[in-house]
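Put chains B, C, D and E with the ligands on the given structure of chain A with help from the hints.
Chains as they are written, first to last, in the numbering used here: chain A, 2 to 289; chain B, 1107 to 1342; chain C, 1107 to 1342; chain D, 126 to 375; chain E, 216 to 496.
Treat each hint with caution, since some may be false.
Said to hold, decoys possible - Taking lysine-lysine pairs in the DSSO-like style, the calculated list, with each CA pair at most 27 Å apart, reads:
(1) D:Lys328 <-> D:Lys237
(2) E:Lys314 <-> A:Lys201
(3) D:Lys199 <-> A:Lys140
(4) E:Lys224 <-> B:Lys1186
(5) D:Lys343 <-> E:Lys469
(6) E:Lys224 <-> A:Lys201
(7) E:Lys469 <-> D:Lys199
(8) D:Lys279 <-> E:Lys314
(9) D:Lys279 <-> D:Lys268
(10) A:Lys201 <-> B:Lys1179
(11) E:Lys224 <-> A:Lys106
(12) D:Lys268 <-> D:Lys352
(13) B:Lys1304 <-> B:Lys1179
(14) A:Lys201 <-> E:Lys410
(15) B:Lys1295 <-> B:Lys1214
As the list claims (entries may be wrong) - Only part of the chain E face toward chain A is listed, based on derived beta-carbon distances under 8 Å:
(16) Thr238
(17) Pro265
(18) Gln272
(19) Gly299
(20) Met323
(21) Ser367
(22) Val484
(23) Val486
These are computed hints drawn from the structure, not numbers from a lab. Even for Gly, the Cβ is constructed at its ideal location relative to N, Cα and C.
Next come the chains, spelled out residue by residue.
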Amino acid sequence: MKNHSAVDIFLSFYAWCCAFILTSAVLTILGYLLFHGLSSLNLDLIFAHTPVMDALFLKKQVFGGLLPAITGTLALIFLSMLFALPVGIATGIFLSEFARSGTRKILGLMFDIMASLPSIVVGLFGFAVTIFLHQHFFKQLYPCLLISALCLAFLVIPYIIRSTQIALESLPPQVRLTGPALGATRTQNLWYVLIPMAAKEIIGGIILAIGRSAEDTAVIMLTGAVATAGVPNSIFSGYEALPFFIYYTAAEYANTSELMKAYGAALILLFICGGLYLFAYWIKRKVR
Amino acid sequence: MKKTKIKVQDLNFFYGPHHILNKINLDIPAGTITAVSGPSGQGKSSLLTALNRLWENIDGARATGRIWIDFGKGLEEISKKEYNVHHLRQKVGMVFQMPNPLPMSILKNMQFPLKLAGISKNMVPEKIETALQQAHLWEEVKDRLSSDAQMLSGGQLQRLCIARSLVIQPEVLLLDEPTASLDPASVEKIEQLLLELKSRCTIVMVSHYMDQIRRIADRNLLLSNGNLSLVTTKEQ
Amino acid sequence: MKKTKIKVQDLNFFYGPHHILNKINLDIPAGTITAVSGPSGQGKSSLLTALNRLWENIDGARATGRIWIDFGKGLEEISKKEYNVHHLRQKVGMVFQMPNPLPMSILKNMQFPLKLAGISKNMVPEKIETALQQAHLWEEVKDRLSSDAQMLSGGQLQRLCIARSLVIQPEVLLLDEPTASLDPASVEKIEQLLLELKSRCTIVMVSHYMDQIRRIADRNLLLSNGNLSLVTTKEQ
Amino acid sequence: IDSFTGEKGTLRISGGTAHIPVMKIAAQKIMDTHPDIQITIAGGGSGAGIKQVGEGLVQIGNSGRKASDAEIQKYELSLYKWAIDGVGTVVHPDNPVQALTSQQLQDIFAGKINNWKQLGGSDRAINVYTRDESSGTRSVFWKKALAKGDISPKAQFASSNGAMKTAVAKNPYAIGYMSVGYIDQSVAPVSLDGVRPDLETVKSGKYKVSRGLYSNTKGPATGLAEKFINYLLSPEGQNIVVQKGFVPVR
Amino acid sequence: MLGNDRIPKICLQTAAWGCASLTFGVLVFMAWLSIPVLRASDTVHILTLPWLPGQGQFGIGPMILGSLYISVLSLIMAAPVSFGAAIFIRITRPGTLGKFFQHLVEAMTAIPTVVYGFIGIFLIVPLIRETFVQGSGMCILSAAIMLSLVISPTMILIFSQSISSVPRQYTIAVEAMGATPAQKFLMIILPCAWKGILTGLILGFGRAVGDTLIALMISGNTIDFPRHILDSARTLTAHIALVTAADFDSMEFKTLFVCALTLYLLTCVGVFFARAAGKRQ
Ligand SMILES: Nc1ncnc2c1ncn2[C@@H]1O[C@H](COP(=O)(O)OP(=O)(O)OP(=O)(O)O)[C@@H](O)[C@H]1O
Ligand SMILES: Nc1ncnc2c1ncn2[C@@H]1O[C@H](COP(=O)(O)OP(=O)(O)OP(=O)(O)O)[C@@H](O)[C@H]1O
Ligand SMILES: [Mg+2]
Ligand SMILES: [Mg+2]
Ligand SMILES: O=P([O-])([O-])[O-]
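Chain A with its partners taken away, still in its complex shape (with noise of 0.2 Å):
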């Protein structure tokens, strides 16, 4: 379309400069680390000089390799969409559809708080409710696994609220109406019409969610990662992780062989997040 007024050429002149920037910045972002860490990939970045076979099977530990890191991270995400998943959409259905203007009302600002809380001071609550537990109650209680799951869940349930709330609400009120129209009880009319219209925008916040909880260092550090733990073996122990090992390989690496691994390390977690990423982007392609 042509002929544009004056504040048409700005906002579009405005918008293209935004977009170029953001772009180049991204790849720039990720020029650098591809330069720097395609090379340092394989086999042995992950499981150094360690028998692939035996390393996967737990016949021996691997040192010196990212195994344990990988297999830390991975069972972060597992454990923490475990606990976050059910009770974000619960409550997210229920601030939309449930809960009276009031109820509303108090409850969206307890996760809006919860929302924009740091990750860290939820650490630091993970961490020291760890240790009066382990004081007072449970000796064998120590910041494990388990501790920085819970706490990572606690981290990404209101931005699993949030978007399940927020895709819900903004659905046409005509399309509430019909349902009912039809003789739909509240639960069907979710079940049937609302949640599988809402379906994309509520994956959409699960993506955002899942790729929080994959790259969270703050809350780990305090409740469980540890330098060198091996794979981790059981949820009661600590473990290592990779956006912990690579924030303490980027502050004290001791020469250019273990920064290697460090960018190895983030491209691997890139990777991570962005197959994450690309899953959930699938699943999101099929529900429609």
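Using the frame of chain A, we list chains B, C, D and E with the ligands on its own:
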């Protein structure tokens, strides 16, 4: 005189402070077509939402008074809170003034009420075809059942909504200007359909067209200034 | 014979693979009312969207062919890409088949086109009142101009949309079944209005009602199977 | 190392970051031959190590300084010293300033000298790096090298010995201090009053800023912790100590 | 079960109140642990004293200032760009290019913060150090730049989602009246999507204040009051991460809860503020 199907007593209807319907009393005999006409904005659509309690889902709307419907077990007071509103709405079909397809395929739109009623899968395709044929839409959509319902034309949408309300064979049908955006040929088909349905269905429809009312309605009610008055009756 | 206002040549219209309009040719004289009728789902609404190029904003729609409109400087080809589509649409008003109020107050709805056209504030209240009076809605809404437009009844909405399209005095008016859900009294008022508008406005309207067409249209076009044919003409 | 045979379970270690290279190798050697044992190693600094072992969160808490009497008493700590180390001042290798007097060092860390030009270097601000309070390295350096002088609040923080080395190695205008065992080509040790901090001068006692590396347990070491500490003190363990650049105790 | 509304409602309700009370629980817990500190040294001291645990001074004023400095700066950099990017996706190039760009942004959310920090150390820090010939490059500016990259995808996606949830029916009505894209955006989309945009800003700012890693890795962590964007600074979050002592009784550890409480209250203030603004529309 036929049996009473719907009985309305002292129905008042409000939107916030606005009093829309004023102490309406009404008896609708079973198996008849009752037409409601009247100037725009007087509460015809609101009246329909009182009959299936849909107003409960509309912000700011409020109805008082009592309504009974006879679903074979004598007149039951459906306006009581305890009365199961979902069963009610399954037995009282409604077609809105503005067609409201659900944002899914044509087929899914048709399956929807069946799913709600928990009707078993194997009967479904026939039921759907029958309903679409009744609404005179089958020919136009049979090849594109899986495409998005929102892409239909205005008139097609109106017929889709009629078909959707028929698919679970309601006992009462509330129609809000069901032929407003249809061409004369379609209008005739729909009128034919309504006459056929009379035998097993009590119909309340809003219509502005005197010709149409004369052709098919048994009784014509006029709504104006919140009051309902009987204008003409066919039967005796 | 009157001057040609709109000229359509070889207009084809598609939705994805579906060919809706087939090589339409058409001349619409200035200051006339042209009615388009035809079975549901044949492309009447689509034809209207071709005339103000609104199809460009509809996913999957595509139109080919050439269209000229005379806005006082002789016939200009408005279907050319370079033609400023925003000016076009400000001069070619459109009322949709389904009323589409914006989610704001009645007053804001009416101000909206004026704001778009950058019309200065001081003239605005009169313009709005005039348009609402023309659409025969003023009495019903004058006390609640600041309440949400979406709370109007079906017929009120339809008149609101008509009023909204009038407020910037378009030269061409595209009306898609503008009186479909209006009561007879309102219909008459609107028809009156359209006849008055004829002097400064060329009107193309979709209508199913032969009576209405007979009463007000200068020419009646029938759209069926993608082809347009002239059925009746009043003028000579 | 054979003493671990038949053992299983988790040994949690945290604390002093100077210890980490030795800990890692030892853990690796043990876990490699005894897959049922899991040893987790975290940093945090000596202070954290002492507190955590005191609270019972870890079995071994390392410290790069001797635990204070108060700490020993409060937590009933047992101390095991298995290496001797120094704390050396370091700068970037490109920095021409590689020898300082005690006074100069104190002035730099107090922020009184804040440009390398004042010491004969290039005209750039001095970027002082320090460690947090929890660090044993810091407390030793502060006591013995800075004579308990001020550390400027403008100093930047590194969270471990490793981080300190990396920070100094990357920044040509940096000055910091760290465990002598960590010093390699990437950073340049700064002679203090003419004595260069390295293994030899620490061993001989010529370099004054030195300390022991301790592993602490709550009460006498038992179980895995005991075996681990015994392993560190065994010839094989002391070998690792030497290999990682520290002075062995045996 | 779908025919019954009671049981599902109760389940959902439990989940909701459970989450909410947990949020409240965090506040109570932090407050409870902070009280002894706030009582011992009066509140003013906590804000004005420097952080010198060796001398028994536990002020967190520099960290509060550092947090605000870094997050406000990053929001100032990120918000306009995110807004423009959302416009690009939805208005300027709503077609293929916009979709592609949206995917790119979504993919950006998948880039871990620690990776931004990692890259920041090697790309931005030396650049800033050599460009401004002052300090080490580990400074507020470097951190804010990286942080703005971290928070912008969240904001863009929320902006763009709220723009696109403006019903088609409205936008087509406006298009039919001849609105140009800019008019459409400013006059109908923005008023409709306003709340969502505000939400995006809150979440963006929240992320900036709450982020630990970027500041921890590249802002230098000094304990001095920051004055200049080229100064190093320590944020509250980084401070908590740096001072990890497991001793419940130590003063250092207790002040961490004051930090956490401060962060919590800061968050609340932001949320209240944004909600109030959102209501007014
Ligand atoms: N967005 C769309 N995508 C695909 N097909 C469409 C779309 N809109 C309309 N159609 C189809 O194009 C045909 C013409 O539609 P149009 O709305 O122009 O019909 P109409 O003549 O206005 O009908 P009615 O009188 O029912 O309003 C119909 O068969 C309709 O199903
Ligand atoms: N949701 C609502 N909130 C507030 N007022 C409303 C709402 N819906 C309708 N109204 C008002 O209530 C009155 C009755 O509306 P109703 O839709 O029942 O009229 P109607 O008789 O169906 O008119 P029409 O023939 O134009 O469809 C109208 O004046 C309308 O403006
Ligand atoms: Mg109505
Ligand atoms: Mg149409
Ligand atoms: O060895 P430290 O980490 O305590 O300095």
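Against the structure, the hints come out as follows:
For the given pair, lysine 328 of chain D sits about 32 Å from lysine 237 of chain D by alpha-carbon distance, which is inconsistent with the 27 Å threshold. The suggested pairing of lysine 314 of chain E with lysine 201 of chain A holds, with an alpha-carbon distance near 15 Å, which does not exceed 27 Å. Pair hint lysine 199 of chain D plus lysine 140 of chain A holds up; C-alpha atoms about 19 Å apart against a cutoff of 27 Å. A distance of roughly 22 Å separates the Cα atoms of lysine 224 of chain E and lysine 1186 of chain B; the hinted pair therefore holds under the 27 Å criterion.
Proximity of lysine 343 of chain D to lysine 469 of chain E is assessed by CA-CA distance (about 23 Å); at most 27 Å being required, the pair is judged to hold. The suggested pairing of lysine 224 of chain E with lysine 201 of chain A holds, with an alpha-carbon distance near 23 Å, which does not exceed 27 Å. For the hint pairing lysine 469 of chain E with lysine 199 of chain D, the CA-to-CA distance comes to about 19 Å; that is within 27 Å, so the pair holds. The straight-line distance between the Cα atoms of lysine 279 of chain D and lysine 314 of chain E is roughly 47 Å, outside the 27 Å bound, and the hint therefore fails.
Between lysine 279 of chain D and lysine 268 of chain D the alpha-carbon distance is near 20 Å, which keeps this suggested pair within the 27 Å criterion. For a cut-off of 27 Å, the pair hint linking lysine 201 of chain A to lysine 1179 of chain B is broken: about 45 Å separates their Cα positions. Taking the CA atoms of lysine 224 of chain E and lysine 106 of chain A, the gap is about 18 Å. The hint holds against a cut of 27 Å. For the hint linking lysine 268 of chain D to lysine 352 of chain D, the alpha-carbon distance of about 33 Å lies beyond 27 Å, and the restraint is violated.
The suggested pairing of lysine 1304 of chain B with lysine 1179 of chain B holds, with an alpha-carbon distance near 19 Å, which does not exceed 27 Å. Between lysine 201 of chain A and lysine 410 of chain E the alpha-carbon distance is near 21 Å, which keeps this suggested pair within the 27 Å criterion. Between the alpha carbons of lysine 1295 of chain B and lysine 1214 of chain B the distance comes to roughly 24 Å, so the proposed pair stays at or under 27 Å and holds. About 4 Å separates the beta-carbon of threonine 238 of chain E from the nearest beta-carbon of chain A, less than 8 Å, and the hint is met.
With 8 Å as the threshold, the beta carbon of proline 265 of chain E stays out of range of chain A, its nearest partner Cβ sitting at about 21 Å, so the hint is violated. Below 8 Å, beta-carbon pairs count as interface contacts, and glutamine 272 of chain E has none with chain A, the closest being about 21 Å; its hint is therefore violated. The interface hint given for glycine 299 of chain E is met, as the beta carbon of that residue sits about 3 Å from the closest beta carbon of chain A, less than 8 Å. At its closest, the beta carbon of methionine 323 of chain E sits 6 Å from a beta carbon of chain A; the interface hint therefore holds under the 8 Å criterion.
For serine 367 of chain E, the interface hint holds, since its Cβ comes within 8 Å of a Cβ in chain A; the closest pair sits about 7 Å apart. Nearest Cβ of chain A to the Cβ of valine 484 of chain E: about 10 Å, over the 8 Å cut. The hint is violated. At about 4 Å, the closest approach between the beta carbon of valine 486 of chain E and any beta carbon in chain A falls short of 8 Å, and the interface hint on this residue holds.
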